[in-house]
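Trainee: Residue numbers (this note's numbering), protein chains in the order written: chain H, 1 to 217; chain G, 1 to 217.
These are calculated hints, taken from the structure and not from any lab test.
The model shown is predicted, which means the values in this text are computed figures rather than measured ones.
Take these hints with a grain of salt, some might be off.
Selected chain H positions facing chain G (Cβ under 7 angstroms, derived; list incomplete) [claimed, not checked]:
{"hint": "1", "residue": "Phe-42"}
{"hint": "2", "residue": "Ala-43"}
{"hint": "3", "residue": "Pro-55"}
{"hint": "4", "residue": "Asp-92"}
{"hint": "5", "residue": "Ile-98"}
{"hint": "6", "residue": "Ser-106"}
{"hint": "7", "residue": "Val-129"}
{"hint": "8", "residue": "Trp-155"}
{"hint": "9", "residue": "Gly-158"}
{"hint": "10", "residue": "Phe-160"}
Backbone N, C-alpha and C fix where the C-beta goes; we use that ideal spot for every residue, glycine too.
Below, each chain spelled out in residue letters.
There are 2 protein chains.
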Amino acid sequence: MAPTVTAFAQSPDRGRGLARDMAVRWALEEAGEPYEVRLLSFAELKEPVHRAIQPFGQIPTYEVGALTLFESGAIVFHIAQRHARLLSDDPDARARAIAWMFAAVSTIEPPIVERSMAVLLESEKPWHVERLAMLDDRVRNRLSELSHSLAERDWLDGQFSAGDLLMITVLRRLGGSGLLEEHPNVLGYVSRGEARPAFQRAFAAQLAVFSTATDKG
Amino acid sequence: MAPTVTAFAQSPDRGRGLARDMAVRWALEEAGEPYEVRLLSFAELKEPVHRAIQPFGQIPTYEVGALTLFESGAIVFHIAQRHARLLSDDPDARARAIAWMFAAVSTIEPPIVERSMAVLLESEKPWHVERLAMLDDRVRNRLSELSHSLAERDWLDGQFSAGDLLMITVLRRLGGSGLLEEHPNVLGYVSRGEARPAFQRAFAAQLAVFSTATDKG
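Modelling step: build the complete structure from the supplied sequences, incorporating the hints.
Mentor: Here is the structure:
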């Protein structure tokens, strides 16, 4: 039985693969698991029927049989735990990959999202320029630490893992900011992720949703 | 072999159990696993020897045998996976508890930390009052959604789990803000967590570190 993933009917990122269904699609593609997609309008996200499975009125969710899950990190983990190419069978390597999964969503992503929200919601505020400089520096600190840790390796810890998958998904949100470009090894790391066939299939699938919605008007 | 956890030699929270070693201590106490603690000064956190195991120069870390881990969420998961009282043996219940773990650190915690940082670092800025109101509303939205999802239940999904442990640890950072008090069921939920004997042992252990440091210095 194929799982069903929810995604935006009209993604605000205009098909750039920055919405949170992207990590789930990518993980499913790496795992070679087929899936169904149910598209939701912004109004539907906030309705009780969706909130019953996603308390915060967001995408994605993951439904298979009697199980419904939310939180892209948790969904990626759920998929990854059955596939050694996403989470190693070696217990220590697996634990370290899970550490990078949490680092992606809880250490690297928050300052990136904060910066995006400031650009989106506070650009007319009198404090915007001063605050954006602060936020840029917070992101820079994290990127510098990540760059140091990654060094010249291809992936964060040995083989590609679900930790890389989430980290690269999070880092892609910085596209256009110029901040990734300050660390060529991090930029190369993101590019290696984007070059994976599974990434490209996932990206094409989410782009097709946006393009179809746009064609329909 | 008992694991070693790192913690602040002098916690900036003054022993209120808000530093990130608290969740790890609590999980170890729930699991009934003894552990060692290695205390680090702020200077030691930023040194290469610590960064080699914690790329972002933070606490806690978890070391046992050849394994070193960072990220409190990942460390709690590592402990919890072997204990049914923290992560159910039922695969679906386990997956849902993991979803709440990710929700705690990636959906609930970021706006709470952002608010704390604004209080700490931006209170002299001309924008502080207007921005704090925005940040309060972001936290309020999340608490309202969490309150709705929790309803009148004791825990987020059936039995107490590592999801509750992380969620309650994160919510405790709002102590003193008055925001938790707007949702009596969430306040009661936090109190239920704090009343657990394992929580109290963990709390006493971190408080003892702070008290000893204060007596000495």
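Trainee: Determine for every hint whether it applies to the structure shown.
Mentor: For each hint, the structure was consulted:
Nearest Cβ of chain G to the Cβ of H:Phe-42: about 15 angstroms, over the 7 angstroms cut. The hint is violated. Restraint check, H:Ala-43 versus chain G: the minimum CB separation of about 17 angstroms is more than 7 angstroms; hint violated. The interface hint given for H:Pro-55 is met, as the beta carbon of that residue sits about 4 angstroms from the closest beta carbon of chain G, less than 7 angstroms. Given hint, H:Asp-92 at the interface with chain G, holds; its Cβ is 5 angstroms from that chain's nearest Cβ, closer than 7 angstroms.
A hinted interface residue such as H:Ile-98 counts as satisfied when its beta carbon comes closer than 7 angstroms to some beta carbon of chain G; here the least separation is about 5 angstroms, so the hint holds. A hinted interface residue such as H:Ser-106 counts as satisfied when its beta carbon comes closer than 7 angstroms to some beta carbon of chain G; here the least separation is about 4 angstroms, so the hint holds. Here the hint on H:Val-129 is broken, as its CB sits about 11 angstroms from the closest CB of chain G, past 7 angstroms. For H:Trp-155, the suggested interface contact is broken, since its CB lies about 14 angstroms from the closest CB of chain G, more than 7 angstroms.
Of the supplied interface hints, the one on H:Gly-158 is violated, with its beta-carbon coming no nearer than about 14 angstroms to a beta-carbon of chain G, more than 7 angstroms. Of the supplied interface hints, the one on H:Phe-160 is violated, with its beta-carbon coming no nearer than about 18 angstroms to a beta-carbon of chain G, more than 7 angstroms.
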